[in-house]
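Protein chains in written order, with our numbering: chain C, 2 to 476; chain G, 2 to 476.
Bear in mind the hints are in silico, worked out from the structure with no lab data behind them. This one's a predicted model, so the numbers in the text were calculated from it and none came from an experiment. For each residue, glycine too, the CB sits at the ideal point set by N, CA and C. Just to be clear, a hint being listed does not mean it is correct.
[Claimed, not checked] Computed Cβ-Cβ distance ranges for the label pairs, DEER-style:
hint	chain 1	residue 1	chain 2	residue 2	range
1	G	Met442	C	Thr94	32 to 42 Å
2	G	Lys369	C	Glu233	49 to 59 Å
3	C	Asn310	G	Glu326	50 to 60 Å
4	C	Asn18	G	Glu103	17 to 27 Å
2 protein chains.
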Amino acid sequence: MSKGITPRAEDYSRWYNDIVQKAELAEHAPVKGCMVIRPYGYAIWENIQKRLDARIKETGAQNAYFPMLIPESFLNKEADHVEGFAPECAVVTHGGGKKLEEPLMLRPTSETIICHMFSKWIQSWRDLPMMINQWANVIRWEKRPRLFLRTTEFLWQEGHTCHATREEAQAEALQMLEVYREFAEMQLAIPVLTGTKSESEKFAGAVNTYPIEAMMQDRKALQAGTSHLLGENFSKAFDIKFQNKDGEMAYAWQTSWGVTTRLIGAVIMSHSDDNGLVLPPQIAPIRVVIVPIVKKDADVTRLMTVCENLRNALPASTTLLDDREQYSPGWKFNEWEQKGVPIRIEIGPREVDGNTVIVQRRDTLEKKAVSLEGIETFIEELLVEIQENLLERSKKFLTDNTFDVEDYAEFKKIMNGDGGFVRASWCGEAACENQAKTDTMATIRVLPFDQPDKHGPCVICGKPGKHLAVFAKSY
Amino acid sequence: MSKGITPRAEDYSRWYNDIVQKAELAEHAPVKGCMVIRPYGYAIWENIQKRLDARIKETGAQNAYFPMLIPESFLNKEADHVEGFAPECAVVTHGGGKKLEEPLMLRPTSETIICHMFSKWIQSWRDLPMMINQWANVIRWEKRPRLFLRTTEFLWQEGHTCHATREEAQAEALQMLEVYREFAEMQLAIPVLTGTKSESEKFAGAVNTYPIEAMMQDRKALQAGTSHLLGENFSKAFDIKFQNKDGEMAYAWQTSWGVTTRLIGAVIMSHSDDNGLVLPPQIAPIRVVIVPIVKKDADVTRLMTVCENLRNALPASTTLLDDREQYSPGWKFNEWEQKGVPIRIEIGPREVDGNTVIVQRRDTLEKKAVSLEGIETFIEELLVEIQENLLERSKKFLTDNTFDVEDYAEFKKIMNGDGGFVRASWCGEAACENQAKTDTMATIRVLPFDQPDKHGPCVICGKPGKHLAVFAKSY
């Protein structure tokens with residue numbers, strides 16, 4: 002067990018906070034609810050950004066930037082939207098030394114300002130589809146903040162698209178959900194469920210919300226990204242009309258979709274252990290750290306030459322030779338373990354003599370001697386293996402903790418016990434969702450796309466079931 | 002002359018706005034002073050970011066993210082800083098449906114919040130230097146907004162560093178100034194003057210401000226970036242202390258440095274002409290556009306094959322084949338000219354027959370037939386030539402419009418006439434700066450590093466000169 006990290010089994014919440022702190026990922030800011038993302042945490046975000054940005058651009062969306070200050074009146078234009086977001090808004094009342102005539106909101110999300118601009122830019126079917134993405138900060142007032150998971154200010158990308166038909170908009174919303182699903186699995190090594198949100202859990206102003214839902218190591222669900230079919234709700238509120246091919250005026254069909262710095266919280270809670278952070282190689286700022294074991298009376302120059310040659314043989318941007326003299330090898334082992342570097346290589350005089358190195362993988366903590374001959378290929382393959390192992394481990398955990406339940410007593414026993422995902426029939430009534438929430442704190446995370454032909458009775462009320470639902474407690 | 006662009010000689014300000022609009026770079030947002038950066042403008046910013054970010058990281062700085070919300074009390078800690086920035090601040094008074102106990106400022110710059118964190122992170126000389134950079138949005142209330150040049154919200158990078166000695170901090174400030182100077186010249190093709198700001202023009206809270214100053218085509222100066230030696234001003238206000246190698250406690254020596262989306266304004270005003278935007282190839286989102294000239298009765302398949310082969314032979318990320326069928330070649334020529342694409346290639350049936358293409362360069366508008374044999378090399382070299390030509394042209398303009406002046410009547414004649422940069426002796430008194438500003442609107446842009454051994458009398462008051470100063474009207 003690592004110094005200063007509370008064991009996960011003892012206190013999950015403190016374990017999480019300890020990992021964030023020891024890995025120097027983030028800190029609470031002086032303003033309650035806000036966070037400082039430290040360089041190591043931000044480097045993970047940059048890796049997420051770089052890879053996801055490329056995927057988003059491949060779909061044809063273009064990046065742009067819209068203002069953070071939004072007139073209060075804009076928020077009021079879409080009824081559900083204002084109801085959902087007004088309570089979370091931060092309000093600017095003074096600027097340039099004067100009281101403002103109209104208060105300004107700090108964007109909690111940018112549908113309103115972007116739709117205002119869409120209404121100017123879109124005239125004809127030739128202007129469609131219009132697909133915009135923005136990387137930005139947003140503000141949603143948070144009363145119970147947790148670093149990365151719930152913060153008053155967070156970073157995200159938000160995509161906003163307009164289409165000529167409902168079918169095209171629907172296809173776009175599902176395409177982006179698939180981009181997120183694949184990104185979570187292949188880059189973050191986090192398996193996710195996809196499907197539709199129930200009415201009570203959908204985005205304020207959307208027709209449908211499609212989430213990716215992941216299971217954390219405490220068996221709670223974490224909504225890791227969402228894609229929304231907005232239908233014509235915003236285009237009617239903001240008058241986004243176009244002349245279609247038949248010469249008639251029609252409202253645009255819209256989507257929006259986003260993921261946030263919360264993904265970093267998802268990575269931490271999916272893979273880490275009592276020694277600290279565990280990072281999937283794909284998004285690790287440092288994939289390989291080389292630690293020289295300097296011994297008195299040994300040939301230091303020769304040792305450092307071997308270390309430097311190895312560093313130079315591995316990819317420069319993700320390999321670190323930790324040659325700091327003021328820290329001992331043990332201190333360094335602990336630091337890089339806490340920071341979740343996927344592979345550690347130790348080289349001492351004995352290794353130099355034997356033309357070998359000691360390789361430790363972070364995911365399993367297995368250690369072994371490896372020949373320097375062909376080490377580049379060995380490391381390359383081991384990184385792939387670690388990435389795959391993390392995904393497989395998470396998949397197994399998800400499977401092992403997902404239960405098919407037909408009986409409400411069992412439902413309650415699971416939710417009030419160790420927790421997990423419960424797959425069960427649901428009648429479609431909000432009353433039953435509320436009942437389950439009252440009894441167990443669990444909510445419907447998603448209605449999976451893959452639905453059975455026939456539904457059993459609702460697990461809560463016993464009336465005829467309409468949907469297969471996945472219930473869980475969540476972040 | 003291009004459709005819809007006011008000639009530069011007729012109305013410089015309208016010319017600028019027309020270019021921004023026709024090239025679809027940005028628009029005014031509904032909140033006065035704010036702007037929407039459209040995809041084509043944002044793609045330029047992404048190119049600036051990508052290249053500058055790599056340069057910043059090469060110096061050893063790491064990216065991080067600090068909150069946009071800053072307690073009002075933080076701003077008050079450094080006396081000059083609050084005096085300079087309080088009048089420009091936007092103030093959040095309500096959040097989460099409640100009036101806040103302490104108003105929050107939207108960051109106008111992040112010295113205060115970052116120094117607060119530095120004071121926690123820095124204990125020992127071992128923690129130094131600490132070099133942090135952030136890409137973020139900032140808010141400074143703007144009464145006379147101009148797209149890219151002066152906006153209430155703008156995007157920027159801000160670097161903040163702590164060092165053990167004044168000498169190291171000074172070296173860092175000058176290193177970053179050199180990074181900016183080289184970036185402006187080599188990437189943006191904008192020659193700049195460097196040096197020190199006068200007391201009255203320096204950053205609020207700095208010991209010294211080092212700017213890069215460029216000359217726009219109306220002969221006004223534009224401050225395109227700044228690097229500040231903050232000395233111990235902020236470390237004393239925020240208690241950033243470290244134990245030095247002798248075991249004594251000392252205040253850290255600091256710098257900060259930044260460039261903003263204003264750079265896009267600088268690019269527009271440095272190179273563009275009456276046909277629209279002219280972009281240096283290094284930061285152009287599209288470097289080469291291929292326009293097929295489809296003629297009736299000609300073999301369209303054969304033509305398009307030639308176009309596609311050429312597109313595939315050139316770098317994918319910066320080459321566009323404009324195969325839209327709903328627009329005529331003339332319409333496309335106009336669009337890409339207005340958008341400043343460095344090279345346009347036209348291919349019609351005659352070119353296909355002759356195994357040639359027509360190449361037009363945007364900077365000089367010269368057109369010529371070029372063989373398809375070896376076209377990749379030709380284009381590559383032409384892009385280099387265009388980049389160099391834009392820099393040389395701007396250098397010549399700067400030189401031609403910089404005047405050594407000893408007489409105040411001549412000074413006023415130049416400033417109240419065509420304008421330009423005036424190099425002249427200055428006594429060092431703010432009264433003379435104010436006099437010049439009252440008489441001509443010109444201010445001291447920079448005291449060049451390269452100073453003569455002896456100074457003539459102050460061009461304004463005639464008393465002994467202490468500095469060679471460069472005066473100009475400015476944005």
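To see whether the hints hold, each was checked on the structure:
Between Met442 (chain G) and Thr94 (chain C), the C-beta spacing of about 34 Å keeps the proposed range 32 to 42 Å intact. Look at Lys369 (chain G) against Glu233 (chain C): about 52 Å separates their beta carbons, and that is inside 49 to 59 Å. Judged by the Cβ atoms, the range 50 to 60 Å given for Asn310 (chain C) and Glu326 (chain G) holds: they are separated by roughly 58 Å. The hinted window of 17 to 27 Å between Asn18 (chain C) and Glu103 (chain G) holds, with their beta carbons roughly 25 Å apart.
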